[in-house]
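Student: Sequence:
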Amino acid sequence: MVLLTKWPYAPRLSYLLQKVAQNTIYICSDSLQLFGGYGYLKDYPVQQFWRDVRVHEILEGTNEMMRLLISRNLLST
Numbered sequence: 007m008v009l010l011t012k013w014p015y016a017p018r019l020s021y022l023l024q025k026v027a028q029n030t031i032y033i034c035s036d037s038l039q040l041f042g043g044y045g046y047l048k049d050y051p052v053q054q055f056w057r058d059v060r061v062h063e064i065l066e067g068t069n070e071m072m073r074l075l076i077s078r079n080l081l082s083t
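To convert, take the position in the sequence shown, counting from 1, and add 6; that gives my numbering.
Warning: the hint list may mix true and false statements.
Unchecked claim - FRET-style restraints, in silico, Cβ to Cβ:
1. Glu70 / Pro14: 15 to 25 angstroms
2. Pro14 / Gln54: 32 to 42 angstroms
3. Tyr32 / Met71: 13 to 23 angstroms
4. Ile31 / Leu74: 15 to 25 angstroms
5. Ile31 / Leu80: 17 to 27 angstroms
Read the hints as simulated data drawn from the structure, not as lab findings. Heads up, the beta-carbon is just placed ideally off N, CA and C, and yes, glycines get one too.
Construct the complete structure from the given sequences, taking the supplied hints into account.
Tutor: Structure, rendered in structure tokens:
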């Protein structure tokens, strides 16, 4: 995260990471709704996608942290 704050393209990357995380959660949530109860079964890859998306959202930096980096940059310019 320290490297991300000192990099000149950090605000753009923060925005991109936040949007990608938000869109993947939206897509996986809709696909889970589409599969219904079957989406939670291990026979279908949707449950794995959903778990991966939720874990990567936390590991790569939460959306709140990305929003914080974006807002800091906007306020400093």
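Student: All the hints need checking, so say for each whether the structure fits it.
Tutor: Structure-based check of each hint:
{"no.": "1", "hint": "Glu70 / Pro14: 15 to 25 angstroms", "in the structure": "23 angstroms, holds"}
{"no.": "2", "hint": "Pro14 / Gln54: 32 to 42 angstroms", "in the structure": "36 angstroms, holds"}
{"no.": "3", "hint": "Tyr32 / Met71: 13 to 23 angstroms", "in the structure": "19 angstroms, holds"}
{"no.": "4", "hint": "Ile31 / Leu74: 15 to 25 angstroms", "in the structure": "19 angstroms, holds"}
{"no.": "5", "hint": "Ile31 / Leu80: 17 to 27 angstroms", "in the structure": "24 angstroms, holds"}
Hint compliance for this structure: every hint is met.
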